[in-house]
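One-letter residues, chain by chain:
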Amino acid sequence: MKIYNSLNEIRVDIRTGATSCKQLVEGYLANIETKKHLNAFVEIYAQEALVKAVEIDVKIANGTAGLLAGMVIGLKDVLCHKNHGLQAGSKILDKFQSQFNGTAVQRLIDADAIIIGRQNCDEFAMGSSNENSSFGKVLNDLDNSKVPGGSSGGSAAAVQANMCLASIGSDTGGSVRQPAAFCGVIGLKPTYSRISRYGLVAYASSFDCIGPITRSIEDAALLLEVMAGKDENDSTVSYTEVPNYVANLAFDKKAKVGYLKESFGDGVSTATKASTHQALELLRNAGHEVEEIEFPLLDYTLPAYYILTTAEASSNLSRFDGVKYGYRSPDATDLQSMYKKSRGEGFGKEVKKRIMLGTFILSAGFYDAYYSKAQKVRRLLKEETERIFQKFDFIVIPTTPNTAFKIGEHAGDPISMYLADLFTVHANLVGIPAISIPNGNDEVGMPIGLQIMTKSFGEQNLLAFSKYMMEISKN
Amino acid sequence: MHMDKLIIDKYQPVIGLEVHCQLATLSKIFTPDSTEFGQLPNTNVSVITLAHPGTLPLLNKKVVEYAVKMGLAVGSTISRNNFFDRKNYFYPDLPKGYQTTQDKAPICIGGAVKIKLKNGEVKNIRLNRIHMEDDAGKNLHLAEETDTLVDYNRAGVPLIEIVSEPDIRTSEEAYAFLGEIRKLVRYLEICDGNLEEGSMRCDANISVMLKGASEYGKKVEVKNMNSLRNVQRAIEHEIERQIELVEKGEAIFSETRQFDATTGDTHGMRAKEELNDYRYFPEPDLQPLRISDQWLADIKSTLPALPAELYEKFTNQYGLPEYDANVLTDTKEIALYFDELCTHTQNYKAASNWVMGAVKSHLNELTLHIHQFPIKPVALAQLIALIDSGKVSNTVATQNIFPEMLKGTGKLPLQIAESMNLIQESDTSSLQLWIDEALAANPAKVAEYKGGKTGILSMFMGDIMKKSKGKADPKVTTELLKKAIENLN
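If you read the protein sequences in the order shown, they are chains B and P.
Number 294 in this note's numbering belongs to position 294 of the first sequence; there are no gaps in the numbering.
Number 26 in this note's numbering belongs to position 26 of the second sequence; there are no gaps in the numbering.
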């Protein structure tokens, strides 16, 4: 099948009769089959997707098709899809099926997106390499010895390998942007509360965001437009009006761009530094103001992130207890052993580690030293970031310090793994939107991501500027 | 266990109560699921109640309003900025693995409840707080099942927890406090206040110290008391148990003890269940809740008359004895019936007697609610007027007219009295006739009366009443009878 980079290209071909939804689904199914070894999908809805494709072809013919007609997407295994499996990559949700559509999923379906399957991810979205899944690891299509990033690793690899046009992932500390960077695609984390979390399996409630992974800014804009907005099922969702992102993607202003001095420090690869510098240089040459910002608080982002997210996670994951649904250990003999064995056998190592860490952080005597202090750091970060955006339109930094690493490379050293999220957790801590766009390759051809951040609810500008950035870096 | 009063008197018990009230909202606190009691197990359960992955709580505004009503009724400060906290622990009846409650920012702060003791003393019991939270489901241990079953119908039913300061000193005060809380929630119609069915639950924190001591003793929490009486019993028992330990020089452990209604005893729960660190932290799935001036004013405007106000009115405006005012304000419905009755009669004491007597005993006998009572206040007022005018006696009113009115035919008391020929005879000529007959029939008794046995008069009265079929006006008849008997030779 021809490689499509956006729904616009598909629409053109549908209009000319060069393709149809049915042919698209067949093509993606064939690619999924060819790229099976990547382990990007945990379940394929082949029949269902084909039936839906035929329906939508009829709608297109009748002129009644929705905004997303022609778009074939995959859903990360943390999104509730009625009567479909939902496991968050975990054994503890063994055989679990969601009884409802999450708000975002419902809106995608209503807009005639075709859901082709459920995508592999790190268990409960905890991880940066997609090595922590009960369904096994996902491989990077560019180099099968390397990880696709995580936690939305399956979702990014699927878009990278043309197994679907777009994926819907979730981003709690970089889980959409980091794998997008590792796979050379686009990953958007919107403002916190921009998209309803109803129907998103919770990792850390005050951080979690649904976000699209795409091959074009137009598709990211379109998917955001469809999924965003008020929702009576999520009391934390924003009621800020959703603009028409797609119609306003032209960027013709002169921007004030800041980059963090700290993002060029030790531990950032030479290739990453070089490509980021290059991008900043392009902006300068195009007449934009580019300035260095000192951001010493960066050192505190990862610790604050891990304290707060594990605290919330330890509580959010308490419901998985073997009592109501999912996995219950067959060896349980009484209540205590049911809890211990079901959770002990059902959760993977990384999840257990984070639950224990979060439990410790919230326990009597430690709460103030860790949780309260991290909340203060979070507030400082927010204030400092707001100050930056009073002066600057965008912050431009690398998405990750390094490109995709080898499978198993960080197995013995969790801290080095956590450093992969060094530049992405900032946006989740303060709630601002951030995007990762491809920005060249390193010396061995692995993609480098460029992260652009802006102030809360600034997605319109962020998307337009990102499109502009991608265009000037192509020329 | 009965201890020497002299020993008990050396100690000062200190008691605080925590009262959980299930709010009578139609839907649960964080889901639209029904709260209807007595449904088949696990029928009032949606994916939210069952804590399915991906679900989020939605706050029921009615719960907030009910909690605020209670706060206003006890004079609490209403917190304008509220947030919820998670209280984390594992138990099968707790679907989310945490209870959503208010730890740091309760909706109502402070306030007080006035209690009246048997000796007439009025005491102020201060409140620490009132907060909102969700109820748990129920574990069922059925005889024919080896496994424990869980019913989640109750999970997510809204609760308010009312926490008193440790101002309570005796079990009688605890009883009165709880009774007052129950009365209030029923007046406010926010909870049915049924301890037996568990829609209202009470835990007591109890400690003892030597009188005059400045430091409280170690407190023990007692749970599982399902009636007002049992709360009193459990507290009495626990006070004596603690005094006994102290007397023996043994230490009291801060622990949770279960009350056993059959033995009247309390026993400790296993130590393992005690070691709970609830790891409270702010609930990130709910927006902070702001109570605006307008909303607060709207809630205030829906507050009904409260028992203390009605008590004031009944004693001051109607001049009723405290006893009457207490009985009449015990339930809102009776109080309001009585208050309406008093708009139709000026004879408040008679009205009170009727309501406390004939009306209440009829309701009790048939276990009726006052809204099912067939006699409207205006009709009862007419009956009182009929007695006051001397047209019927109290006895005739109670025994003949009132029962007829209970049939609900809508006939007025005067119509009934006339149609049943019950209008009191105060016409002296017919009275004289019956008196003469009675005296003539019993010359011996007349002699006895004259010999000083004046009590014999009532025997004659009885005869005359019989002859008159109860219609003789007792007052007039007595006068005439005395005169007649003295005139006899």
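In case anyone wonders, no lab produced these hints; they're calculated from the structure.
Bear in mind that the values here come from a model prediction, so they are computed numbers and not experimental data.
Some clues are possibly wrong.
The following label-pair restraints were derived from C-beta to C-beta distances [as the list claims (entries may be wrong)]:
#1 Lys340/B x Gly38/P: 55 to 61 Å
#2 Thr77/P x Ala411/B: 52 to 58 Å
#3 Lys230/B x Leu296/P: 41 to 47 Å
#4 Thr77/P x Met356/B: 36 to 42 Å
#5 Gly365/B x His141/P: 54 to 60 Å
Once the Cα atoms are required to be at most 20 Å apart in a straight line, the calculated EDC-like pairs of lysine to aspartate or glutamate come out as [claimed, not checked]:
#6 Lys324/B x Asp330/P
#7 Lys183/P x Asp330/P
#8 Lys373/B x Glu384/B
#9 Lys341/B x Asp147/P
Rough simulated footprint, nothing fancy, chain B against chain P, three-plus residues with beta-carbon under 8 Å [said to hold, decoys possible]:
#10 4-14
#11 77-91
#12 412-422
Don't be surprised by glycine CBs; every beta carbon is placed ideally from N, CA and C.
For each hint, the structure was consulted:
1. Separation of Lys340/B from Gly38/P is about 35 Å and departs from the stated range, judged on CB atoms against 55 to 61 Å.
2. Between Thr77/P and Ala411/B the Cβ separation comes to about 56 Å, which falls inside the hinted range of 52 to 58 Å.
3. In this structure, Lys230/B and Leu296/P break the distance hint of 41 to 47 Å, their C-beta atoms being roughly 26 Å apart.
4. For the hinted restraint 36 to 42 Å between Thr77/P and Met356/B, the CB-CB distance of approximately 40 Å keeps it satisfied.
5. For the pair Gly365/B and His141/P, the beta carbons lie near 36 Å from each other, so the given range of 54 to 60 Å is not met.
6. Of the supplied pair hints, the one linking Lys324/B and Asp330/P is violated, its CA atoms being roughly 44 Å apart against a limit of 20 Å.
7. With a C-alpha separation of about 7 Å, the suggested pairing of Lys183/P with Asp330/P holds against the 20 Å cut-off.
8. A distance of roughly 16 Å separates the Cα atoms of Lys373/B and Glu384/B; the hinted pair therefore holds under the 20 Å criterion.
9. Note on Lys341/B and Asp147/P: the hinted pairing holds, with a Cα-Cα distance of about 17 Å set against a maximum of 20 Å.
10. For a cut-off of 8 Å, the count of residues in the region 4-14 of chain P with a CB near a CB of chain B stands at 0, and the three-residue condition is violated.
11. Against chain B, the region 77-91 of chain P contributes 3 residues with a C-beta closer than 8 Å to a partner C-beta. That satisfies the three-residue criterion, and the hint holds.
12. Counting residues of the region 412-422 of chain P whose C-beta lies closer than 8 Å to any C-beta of chain B gives 0; at least three are required, and the coverage claim is violated.
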